[in-house]
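Take these sequences, add in the hints, and give me the full structure.
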Amino acid sequence: MRLIVIGLRTEASRAIAAVRASLVRLVTKIRVSVSGYFLSTTAFLSRQGARTKPRSLVNRILYLQVLWSVLIFLVAVSGIWWSTTYLIRDNLFERSVQWATELDELGTPLYASNGKLQITDIAKRIMASPEISYVRYYDASGEKVIASYHDDPDAEAESPALDKNQLGTLGATDHSTKPYFIDKDSDPDTYRLIAPVWVKSIKSDGLMGFNLDKPGAEQIRVIGFIDVGLDRTRFSRVQDNVLIVGSITTAIIVLIAMFIGRHLIMSALAPLSRLKIPLARLAQGETGVEVESVGDEEIVAISQALNTTIKAVNERDEALRKIADHDPLTGLVNRTYFMRELAETLDEASHGDASSALLFIDLDQFKYVNDTVGHGAGDRLLIQVSEALRHRARDYDVVGRFGGDEFVVLARDVDQSSAVGVARGLLKVLQDMRFVADGHSFNIYCSIGVTMIHNTRYNVDELLSQADMACFQAKSRGRNRYHMFEVSDYDKKALVEDIGWSQRIRDAIDHGEFLLHFQPMVGGKADDQEFYEVLLRMTDSEGQLVAPSVFFQAAERFGMMVDVDYWVIANSLAILADYRRDGRDIRFSINLSGHVFEDQALASKIVEALDEHKIPGSAVVFEVTEQSAVRYMDRANSLIQSLQNHGCQFALDDFGTGFSSYGYIKSLPIDYIKISGDFIQDIRHDHVDKVMVKSMVEIAKALGKKIVAENIEDVETLHILQDMGVDFFQGYYFGAPMETLPDWEVSRAMVNAKR
Amino acid sequence: MLNVLLRREYLRFVWARPSLRLAMLALLFAASACTTTPEEEDAADDSSSAELKVAIVVSQRAPVFDDVAEQLQRVLGKRAVRYYLTGKSAADSELARTLMASDRQQVVAIGLPAALWSKQLQNRQIVFCQVFNYRQYKLVSDSRKGVSSVPPADQLFGKWKALSPSLRRVVTITGPYHKHLVAAAKAAAAKQGIGLDHIVVRSDKEFRYTFKNRVVNYQGVWLLPDNRILSRSAMHEVMSYSVRNGKQVAVFNPQLLAIGGLISAEPKPEDVANQVIRRLRQANAKTGIPGPDVTALGQTRFQINTVLARQLGLKSVNTNAGNGV
Numbered sequence: 053m054r055l056i057v058i059g060l061r062t063e064a065s066r067a068i069a070a071v072r073a074s075l076v077r078l079v080t081k082i083r084v085s086v087s088g089y090f091l092s093t094t095a096f097l098s099r100q101g102a103r104t105k106p107r108s109l110v111n112r113i114l115y116l117q118v119l120w121s122v123l124i125f126l127v128a129v130s131g132i133w134w135s136t137t138y139l140i141r142d143n144l145f146e147r148s149v150q151w152a153t154e155l156d157e158l159g160t161p162l163y164a165s166n167g168k169l170q171i172t173d174i175a176k177r178i179m180a181s182p183e184i185s186y187v188r189y190y191d192a193s194g195e196k197v198i199a200s201y202h203d204d205p206d207a208e209a210e211s212p213a214l215d216k217n218q219l220g221t222l223g224a225t226d227h228s229t230k231p232y233f234i235d236k237d238s239d240p241d242t243y244r245l246i247a248p249v250w251v252k253s254i255k256s257d258g259l260m261g262f263n264l265d266k267p268g269a270e271q272i273r274v275i276g277f278i279d280v281g282l283d284r285t286r287f288s289r290v291q292d293n294v295l296i297v298g299s300i301t302t303a304i305i306v307l308i309a310m311f312i313g314r315h316l317i318m319s320a321l322a323p324l325s326r327l328k329i330p331l332a333r334l335a336q337g338e339t340g341v342e343v344e345s346v347g348d349e350e351i352v353a354i355s356q357a358l359n360t361t362i363k364a365v366n367e368r369d370e371a372l373r374k375i376a377d378h379d380p381l382t383g384l385v386n387r388t389y390f391m392r393e394l395a396e397t398l399d400e401a402s403h404g405d406a407s408s409a410l411l412f413i414d415l416d417q418f419k420y421v422n423d424t425v426g427h428g429a430g431d432r433l434l435i436q437v438s439e440a441l442r443h444r445a446r447d448y449d450v451v452g453r454f455g456g457d458e459f460v461v462l463a464r465d466v467d468q469s470s471a472v473g474v475a476r477g478l479l480k481v482l483q484d485m486r487f488v489a490d491g492h493s494f495n496i497y498c499s500i501g502v503t504m505i506h507n508t509r510y511n512v513d514e515l516l517s518q519a520d521m522a523c524f525q526a527k528s529r530g531r532n533r534y535h536m537f538e539v540s541d542y543d544k545k546a547l548v549e550d551i552g553w554s555q556r557i558r559d560a561i562d563h564g565e566f567l568l569h570f571q572p573m574v575g576g577k578a579d580d581q582e583f584y585e586v587l588l589r590m591t592d593s594e595g596q597l598v599a600p601s602v603f604f605q606a607a608e609r610f611g612m613m614v615d616v617d618y619w620v621i622a623n624s625l626a627i628l629a630d631y632r633r634d635g636r637d638i639r640f641s642i643n644l645s646g647h648v649f650e651d652q653a654l655a656s657k658i659v660e661a662l663d664e665h666k667i668p669g670s671a672v673v674f675e676v677t678e679q680s681a682v683r684y685m686d687r688a689n690s691l692i693q694s695l696q697n698h699g700c701q702f703a704l705d706d707f708g709t710g711f712s713s714y715g716y717i718k719s720l721p722i723d724y725i726k727i728s729g730d731f732i733q734d735i736r737h738d739h740v741d742k743v744m745v746k747s748m749v750e751i752a753k754a755l756g757k758k759i760v761a762e763n764i765e766d767v768e769t770l771h772i773l774q775d776m777g778v779d780f781f782q783g784y785y786f787g788a789p790m791e792t793l794p795d796w797e798v799s800r801a802m803v804n805a806k807r
Numbered sequence: 254m255l256n257v258l259l260r261r262e263y264l265r266f267v268w269a270r271p272s273l274r275l276a277m278l279a280l281l282f283a284a285s286a287c288t289t290t291p292e293e294e295d296a297a298d299d300s301s302s303a304e305l306k307v308a309i310v311v312s313q314r315a316p317v318f319d320d321v322a323e324q325l326q327r328v329l330g331k332r333a334v335r336y337y338l339t340g341k342s343a344a345d346s347e348l349a350r351t352l353m354a355s356d357r358q359q360v361v362a363i364g365l366p367a368a369l370w371s372k373q374l375q376n377r378q379i380v381f382c383q384v385f386n387y388r389q390y391k392l393v394s395d396s397r398k399g400v401s402s403v404p405p406a407d408q409l410f411g412k413w414k415a416l417s418p419s420l421r422r423v424v425t426i427t428g429p430y431h432k433h434l435v436a437a438a439k440a441a442a443a444k445q446g447i448g449l450d451h452i453v454v455r456s457d458k459e460f461r462y463t464f465k466n467r468v469v470n471y472q473g474v475w476l477l478p479d480n481r482i483l484s485r486s487a488m489h490e491v492m493s494y495s496v497r498n499g500k501q502v503a504v505f506n507p508q509l510l511a512i513g514g515l516i517s518a519e520p521k522p523e524d525v526a527n528q529v530i531r532r533l534r535q536a537n538a539k540t541g542i543p544g545p546d547v548t549a550l551g552q553t554r555f556q557i558n559t560v561l562a563r564q565l566g567l568k569s570v571n572t573n574a575g576n577g578v
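Which chain is which? The protein sequence lines are A and B, in order. FYI, our numbering numbers position 64 of the first sequence as 116, with every residue one higher than the one before it. FYI, our numbering numbers position 145 of the second sequence as 398, with every residue one higher than the one before it.
Hints are computed from structural coordinates only; laboratory data are not their basis. Even for Gly, the Cβ is constructed at its ideal location relative to N, Cα and C. Don't take each hint at face value.
Sample of chain A residues facing chain B (criterion: CB under 7 Å; computed from the structure) [claimed, not checked]: (1) V251; (2) K252; (3) M260; (4) E270; (5) V274; (6) S407.
Pairwise CB distance ranges, derived in the manner of DEER restraints [what the hints assert, rightly or not]: (7) B:K432 to A:A180: 34 to 44 Å; (8) A:S200 to B:P316: 44 to 54 Å; (9) B:A443 to A:D173: 50 to 60 Å; (10) A:V274 to B:S342: 44 to 54 Å; (11) B:P316 to A:V274: 33 to 43 Å; (12) A:V274 to B:A443: 33 to 43 Å; (13) A:T137 to B:S342: 48 to 58 Å; (14) B:A343 to A:V274: 25 to 35 Å; (15) B:S342 to A:S200: 40 to 50 Å; (16) B:A343 to A:P240: 53 to 63 Å; (17) B:V334 to A:D173: 56 to 66 Å.
Following this line, the structure appears as structure tokens:
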């Protein structure tokens with residue numbers, strides 16, 4: 053029973069350790085990946101920055117705004133220049149025509165008097181219009197100037213005759229509109245307009261029967277020419293002034309618009325810029341930031357999305373932390389978290405006089421319930437117990453589950469008598485609890501080990517070991533009770549020994565100090581391939597080889613079983629790969645503890661290792677004990693199916709020791725059944741064992757499984773088993789487990805030897 | 254003398270005295286016995302020119318000429334034949350030869366082109382009408398005389414004065430060779446208490462300049478149809494100037510009322526025809542055509558721009574011709 057209890061405790065510890073390890077790995081992985089992502093992004097940006105500094109969107113927009121403003125300015129100035137030039141030119145022409153018409157009229161008396169009159173009105177008009185430089189009146193031939201007026205009285209009157217080209221232009225018209233000759237090029241300072249001076253009359257008495265609506269024939273006679281010179285410099289000055297003023301005004305307006313635009317853009321983009329800081333903090337892994345959700349629709353959308361993402365990341369972190377720190381089944385804190393709290397409490401105790409108590413609770417006959425109503429009901433029981441313990445504990449106490457049916461309570465700030473009160477209270481809670489499942493009603497009892505924490509004499513591992521031992525004492529003394537830890541010699545020695553193994557196991561894991569031995573599993577057929585079970589060994593302090601049963605307990609207690617399992621798997625596959633590379637077609641059978649089922653990534657890790665070593669799945673058989681398989685039925689099923697998909701096979705070890713119903717065996721997709729050595733050892737003499745073995749063989753055959761018999765120590769036993777139809781044989785008869793592979797042919801010859 | 258007798262004041266004075274009343278009645282009876290109606294004169298003249306055939310030569314087909322030709326033919330009947338100038342020298346010369354070969358001794362030339370064409374006719378009595386610048390083209394000779402194309406000035410100024418009692422200063426701007434016409438007009442205007450001045454210009458340019466610079470002191474302008482100094486643009490310009498400056502313009506064509514004229518005075522075709530026929534009747538193959546170079550017309554067709562009249566604050570006058578503008 054003690055072995056069973058220890059076994060259960062071992063399994064529970066393995067489970068707890070496996071869960072803890074897997075959660076730690078998961079959380080670590082997530083954190084590494086998230087940090088790695090942020091760091092890689094930062095690194096990427098840094099690398100990018102090393103080549104070309106990332107451009108700021110705000111600066112780019114502002115730069116474009118400046119560019120656009122300059123473009124608009126240039127276009128505006130061009131427009132001003134063009135329109136001014138065009139307007140002035142147009143205006144100049146129209147004004148010159150107007151002046152020419154006006155001066156033409158004013159000059160009428162000149163033609164009436166043939167130039168004998170001096171018209172002061174013309175001089176006055178010129179003086180009143182500084183744009184007019186001069187006006188000259190020519191006779192009909194265009195050669196003689198009959199009158200000339202200048203704005204500058206002192207200026208010498210140049211009176212060039214009109215050339216034939218000009219006369220030709222002015223004369224070659226249909227007289228529908230008055231022609232004008234524009235000379236812009238001969239004198240850059242003067243805009244010269246020459247027009248004919250006409251007199252018109254209605255033809256030959258055409259006023260008889262005059263019709264206003266019907267244009268009658270008129271005759272036009274050129275009686276002279278008028279030459280008006282305009283001061284172009286004045287217009288140029290005006291144009292320049294307009295251009296300068298216009299350009300300056302436009303530049304000022306554009307600058308003002310640019311500054312206002314810059315301000316508006318920066319104001320509009322400010323929410324975007326403000327996102328930089330929280331994003332930078334987020335990139336550094338700081339998930340406590342909150343992004344302000346104000347501003348434009350897009351910014352608000354981005355901010356809200358970021359906040360949602362941050363919240364989701366925080367929640368996921370929280371969930372992961374919770375997963376990492378809590379038992380997934382019961383929601384109680386797990387070993388890792390509890391140990392942290394215990395260490396903290398111990399540290400507080402070291403600084404003061406306050407004392408606390410550590411209670412180790414183990415359910416009595418939990419396996420019975422599990423075996424009776426199934427592991428599903430067992431899980432429900434554990435949950436119910438957890439809730440009861442949680443409700444009973446105080447808010448500042450810590451209640452945890454170490455795996456299996458092991459619970460721990462850290463009762464803070466209690467003296468010994470209060471600790472006893474707590475223990476009694478917990479006992480009472482469970483005593484009052486009834487568990488009903490499948491029509492069965494169960495009384496739930498527990499054994500509680502209590503140890504006080506009031507100084508720093510012991511560390512957390514020692515305290516835990518004390519509580520565990522006290523619990524063991526409680527169980528030994530009849531269960532359904534508590535036992536306060538007393539430091540007796542026995543307890544101390546066991547404690548010291550336990551802690552010693554713990555350290556050695558850790559060292560063996562870290563430094564590869566375990567040993568793997570191999571024992572053949574010989575088949576009955578002549579062409580069976582080499583098949584060996586891998587067995588874990590280590591040496592004690594005196595260098596003697598130690599069986600796993602000696603150090604597994606400590607490994608389970610200190611949650612190192614999963615690590616041991618992985619060490620065995622990794623090293624077994626490495627050795628297998630070496631042999632196979634040498635050309636030997638060998639199969640290994642590797643043991644898995646129940647704890648390893650807690651690791652969800654077990655199957656993927658095994659597949660990864662197989663791929664790494666290029667080992668086909670068919671070269672590996674994994675052994676799980678009947679008890680572990682039944683205990684972790686669903687996970688075992690899932691693991692087995694997952695690895696079988698890669699060609700691996702499974703063997704149910706220690707078959708017959710777990711009192712499992714054959715229904716479980718049927719549902720497990722295993723390939724081999726290894727009958728427990730306990731039944732094989734005395735098969736020659738013990739009829740019951742013989743019958744039991746026979747029935748197990750028949751059942752296994754009926755289920756299509758291959759049978760392996762362990763612990764064969766003599767040929768008679770071999771023959772009996774051969775007659776029963778056992779498929780594989782293992783035991784000291786064929787050789788003890790050895791560090792190197794034994795001679796397979798010898799073992800096979802022994803199996804196939806003639807009787 | 255009749256005018257004197259018929260003066261209102263004189264009549265009032267005479268009628269107040271029975272003796273004088275009787276004397277006046279007797280005088281009137283005697284006068285009526287002496288005067289003859291145009292028809293009676295015509296009838297008398299008919300007897301002397303009854304066999305003369307008339308060729309009516311029209312410058313072009315235009316109402317201003319055709320209306321007169323119509324009136325002439327109505328009166329002359331079969332004695333008159335109407336011809337139109339084509340404007341082509343060959344055809345027109347042929348017409349001249351044809352007429353010279355014919356027995357039509359009298360020719361009526363309506364319009365300047367016809368009058369000019371008639372110069373190639375020999376031994377014919379020619380009466381021209383609807384020609385304003387006859388002196389310009391030296392149309393007048395012993396056997397070639399004309400009828401004025403301008404309605405009687407006294408009727409114009411009488412009408413004008415009635416329309417605008419305050420009218421005292423009027424100017425007329427023409428080309429050269431219209432001293433006689435203007436002199437008669439001055440006398441007629443004077444009778445209405447209107448001073449008429451005359452400015453001679455030689456082109457539309459001068460006309461325009463003179464109008465804008467010298468008309469400022471005048472209330473009205475009498476526009477005569479002198480094509481030598483008028484152009485369409487000049488007419489538009491001065492009419493517009495007149496309206497802007499409140500000048501009253503008497504025009505020769507009702508169409509000019511629309512662009513700023515106040516009163517138009519044009520000859521009546523029947524009056525022109527009658528005057529022409531009178532001259533024809535007076536014409537003699539040996540002595541030519543007696544009388545002045547051009548005889549005056551007796552009737553006027555008036556039209557008044559009532560809108561402008563209202564704008565100028567003038568009396569609205571019932572016109573006896575047309576409805577105004």
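Results for each hint:
The restraint placing V251 of chain A at the interface with chain B holds, with a minimum CB-CB distance near 4 Å, inside the 7 Å limit. Among the interface hints, the one on K252 of chain A holds; its C-beta lies about 3 Å from the nearest C-beta in chain B, closer than the 7 Å criterion. Of the supplied interface hints, the one on M260 of chain A holds, with its beta-carbon coming within about 5 Å of a beta-carbon of chain B, less than 7 Å. Interface hint at E270 of chain A: satisfied, since its Cβ lies 6 Å from the closest Cβ of chain B, which is below the 7 Å cut-off.
Checking V274 of chain A against chain B: minimum C-beta separation of about 11 Å lies over 7 Å; hint violated. About 124 Å separates the beta-carbon of S407 of chain A from the nearest beta-carbon of chain B, more than 7 Å, and the hint is not met. In this structure the supplied range 34 to 44 Å holds for K432 of chain B paired with A180 of chain A, their Cβ-Cβ distance being about 40 Å. Between S200 of chain A and P316 of chain B, the C-beta spacing of about 50 Å keeps the proposed range 44 to 54 Å intact.
The given range of 50 to 60 Å is broken by A443 of chain B and D173 of chain A, whose C-beta atoms sit roughly 34 Å from each other. V274 of chain A and S342 of chain B have their C-beta atoms about 27 Å apart, which leaves the hinted 44 to 54 Å range violated. Here the CB-CB span from P316 of chain B to V274 of chain A is close to 34 Å, well matched to the stated 33 to 43 Å. A beta carbon spacing of about 41 Å between V274 of chain A and A443 of chain B agrees with the range 33 to 43 Å that was offered as a hint.
A hinted range of 48 to 58 Å holds for the C-beta pair T137 of chain A and S342 of chain B, which are about 56 Å apart. Checked against the hint of 25 to 35 Å, the C-beta distance between A343 of chain B and V274 of chain A comes to roughly 32 Å, which is consistent with it. Taken as a hint, the range 40 to 50 Å holds for the pair S342 of chain B and S200 of chain A, whose Cβ atoms sit roughly 45 Å apart. The beta-carbon spacing between A343 of chain B and P240 of chain A, approximately 59 Å, falls within the hinted interval of 53 to 63 Å.
Between V334 of chain B and D173 of chain A the C-beta distance comes to about 58 Å, which sits within the given range of 56 to 66 Å.
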